Amino acid sequence: MTTKSNKKLTLLPQAITARNTGVDLDLDWVSSIQANTSAIERRASSIGSRRSIKKQHQAAWLLQAVKCMDLTTLSGDDTTGRVRRLCAKAKNPISKTILEKLGLDSIKVGAVCVYHDMIEAAVSKLRGTGIPVASVSTGFPAGLSPLPLRIAEIEYSVSAGASEIDIVISRRHVLTQNWKALYDEVKDFRKACGSAHMKTILATGELGTLRNVARASAVCMMAGADFIKTSTGKEPINATLPVSLVMVRAIREYHEKTGYKIGYKPAGGISKAKDALTYLCLIKEELGDQWLNPELFRFGASSLLGDIERQLEHHITGAYSASYRHAMG
Amino acid sequence: MSVKKILDDMDYGLAPESPEEVKRWLLEHNSSFGHFIGGKFTKPKNEFISVNPSNGEFIASLSQASDKDVNNAVKMAKNAFKEWSEADPHERAKVLYAIARLLQKNSRLFSVLETIDNGKPIRESRDIDIPLAQRHFYYHAGLAQIYKTKIHDMEPIGVCGQIIPWNFPLLMLAWKIAPALAAGNTVVLKPAEYTSLTALLFAEICIEAGVPNGVVNIITGDGSVGEMIVGHPDIKKIAFTGSTEVGRIIRKRTAGTGKFLTLELGGKSPFIVFDDADLDSAVEGLVDAIWFNQGQVCCAGSRLLVHESIEERFHKKIRKRMNKLRVGYPLDKSIDMGAIIDKSQLSKIRKLVSQTEGSVYHAECDLPKGGLFYRPTLITGLSPSDKLMQEEIFGPVLVSTTFRTPKEASDLANDTTYGLAASIWSENINLALGLAPKIKAGVIWVNGTNMFDAAIGFGGVKESGFGREGGWNGLKSYLKHSINFTVQKNKSPQSYSREETLGLDRTAKLYIGGKQTRPDGGYSQKVFDASKNFAGHASAANRKDIRNAVEAMNKAYSWSTSSGHLRAQIIYFMAENLHARREEFAKRINQMSGQKDGSKEVELSIRRLFTYAAWADKFDGTISGVPVRGVGLTMREAIGNIIAFCPPNKPLLSLISCIAPAIAMGNRITTISPFIASMTATDFYQILETSDIPPGVVNILTGSHLELASHVASHMDVDSVWSFSEEDITKIIELESANNIKRTWCLKNIDWLDKRAEGEMFLDAATETKSVWIPYGEG
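For the record, the sequence lines run as chains A and B.
Residue 62 in this note's numbering sits at position 62 of the first sequence; the count goes up by one each step and never skips.
Residue 768 in this note's numbering sits at position 439 of the second sequence; the count goes up by one each step and never skips.
None of these hints come from the bench; they were simulated from the model.
On a predicted model such as this, the values are computed, not experimentally measured, just so you know.
Pairs of lysine to any residue, SDA-like flavour, derived with a Cα cap of 25 Å:
| id | chain 1 | residue 1 | chain 2 | residue 2 |
| --- | --- | --- | --- | --- |
| 1 | B | 333 | A | 288 |
| 2 | B | 423 | B | 477 |
| 3 | B | 369 | B | 401 |
| 4 | B | 333 | A | 103 |
| 5 | A | 101 | B | 334 |
| 6 | A | 91 | B | 339 |
The following residues of chain B were derived to be distant from chain A, with all beta-carbon distances above 12 Å:
| id | residue |
| --- | --- |
| 7 | 360 |
| 8 | 363 |
| 9 | 475 |
| 10 | 483 |
| 11 | 578 |
| 12 | 736 |
| 13 | 746 |
| 14 | 842 |
| 15 | 877 |
| 16 | 916 |
| 17 | 965 |
| 18 | 1019 |
| 19 | 1039 |
All C-beta atoms, glycine included, are put in the ideal place defined by N, C-alpha and C.
One chain only, chain A, in its complex shape (with noise of 0.2 Å):
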């Protein structure tokens, strides 16, 4: 299987900054990580409290985080309409009217996400927006197919065109403390994304502990993540504020000793305009403004957006707005 050359990449890290490289695997490193569950939900809730965004800038604010939004479809009933449709939404993610009144022409959403087979589906409807497709790979959500299949999974999606791949790593490797296994295996994913971009998913729901978050955050950066994501969606806890922080902190803490900035996707469970707000505070303290941005971070989100379309219908209007005044994706 061979990678197709890559297109022009946006959006992504390397647009704006060094690709990871990924170094050698600092086990040293990795047992020094601590993270005091405590203390960081006492963190985590006082991020939404700290900052408040209002009128212009939270209008502003919410236009970012669709700009952030990887928009998602992951079911078992997905057909190619349904995903056209999401693509439409994609180039179009709120009424003209709206950004017309907000001084603005057009934005566009950070990605589509897909399965496999729906990658065909997606990049014909998006050829020429500049928006990406990004497809779950590895045996997605519980990655516990043999290992050369996860790994052709990946090669079959980039030839198919989709330009992010979002992993899912094996939760077993974590929770055995077998870093060298984990390391390892995201290596080999990496090597096969070839220049198509990583995100990898450390399903937190699933580790047990923030410290088993932290650790194995700073493993797969070393191995080379492009990205670190929290969630499939699929678990029964996905995305939260504790989990966030400690995967923001780990990508600060691997920036500062290598110099190269990871992204980071927060995904499943962010639903409100409100909710993505404090993600993007959350973000701006702990990661600074560089990473405000689609190349380094993005929402995992399905319903996210009809929210942020209501609260600028509100922001321009003063009136509560309701859904069915916005487009379906």
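Got chain A; can you put chain B on it based on the hints?
Same frame as chain A, but now just chain B:
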């Protein structure tokens, strides 16, 4: 600003909280306030102004109380006391509950007013100050309802004078008024002159909540009003929160007046970070520790002690975090730090920082124009001897030094005159929980900081003051023992000067550090028995003997970490040995008193030893219902070095009544018996010598109470002074104790035979509580 531009910059923009409701409230009062006395507001008079520290704007004018106002307020409080203190507990509970509900219903008004008046960020007044104040009234409504089921033989004190600081105006008011009212007292409260407005709004709430007239009185003004409160004869208790300097003055002013006193004073609390801590969380802890309320917090974690191996890395993280802090107009909801309270405070901070030789780092953040703002600041490279490591700055300035070992960490932590709080960061449970008892402070936070709750005590040791606020012990600070000690029927023995022919020469020495020693001064006094026969020579201890006894107590430090079981065994052994020599002791008592109840006294003394041996491993701490996932532990700790002035009557029983509870709880004690009781006291050291009690744990001196009182009370290494003396030494002791704000406990006329003269009252006096917050949980 256009959306397009914001999309490029991704700034927060402004999110101001509206001051309109506060403006309306001020307007209703013509921005001019009198005092709240007897349920009514007085006409404004002798006005001074209150300004918004973030922009210097006038907020309102307030009245400076005259002595007439103070007298009126105290009179109203005194008149209201009887009915309020005798009211059904449920009635008091209902009133406190109503206050809590009304605070909640008006929470935004209180928050905005607090922020305008004090300069603290609206986030803090909205999310911390005001909710905690509500919580305090809810909790104490509950205590009012049920405390009598658990606390016996105690009663409300009377009119309480309460003087509170400007850093947490409403919260400190709640900490003072809620327990005072729950216990059945009435109050005269003076808020700080910079920040009186929420107290006046609270006064309105009191009317609405049905607080009976006179139960709460609020008078405004500067320190001179505080002085009038402190000096007022009808005020029976003073509760003060503020600087150690003023606390010391109050201690002196109230000396010998019989007023009860609690002092919550300054601090220089250590924030200890070990190399195995979650460093990012520890940095965030520092934000809550020293950049909370602009660092104007008595328990601020202002002294960073960092493990040497991570020093650079940790400092780098702090600096990076500091640069993210937003300093600005306090009503902006996206602000981390607001304005410093007053010009004088700001220049004090500037001056202290300008004088340091450490390396000063100011956060690279914008400051608003005008207003009293100061950048978050970190000063590194300091050593313990540097002024800034010792002195409380009361501003957003963190000072830092390093340590190598846990032992060095606790030594550095304790290398201060203060003892309010400490924060310990480590993922190692052995390390963190092992360090908590070693740090001399009233509050310890493990992997956290500045956590407060009504259900657990807050207060200091050493020069951070005494008394607790919050929890059951906080309530006890507003109650007094209702035991009415009757004056002894049997007259105290007297000394006779008439010289008799000497019998067999008997020289009673002093007992210091496990050895019989001659008094340093070389003086002794003849002692005569009830039949005026010469009984022996008693040694006259002087200040050097006191010094030697204190040094002996210091050397016996490990007694305080010994197990309760071991201490019990030794006290039982004392009882056993006393029993073996009971006849000799009874005879001596009878000989000296001329009465025949010696054997009864010895019998009771043996019982009392049994009582305290029993308590040695049973006076437990508690776990309080604090709102964290974890435990809020109240530990009972030994106070340290106690010196007790023992009375002449019931010389053996009173001596044992002091020694036994003190050593049962792990203290070291030195007793000073008057000459007339010296024979029994010095006989007793023979019991000590045979009872395996380690040297220095108990020292027995004899001497003149009047001569020794000031030397004892001024000694910096004495932690508590007890006096049951018949001499008038209470005033001297209380006055001199202000030196290092040591604890004092002075009672007269105790009926030592009364069964209430043993037990909890003595155990409370022999212990101090330490609140340890241990949040836990993983996964």
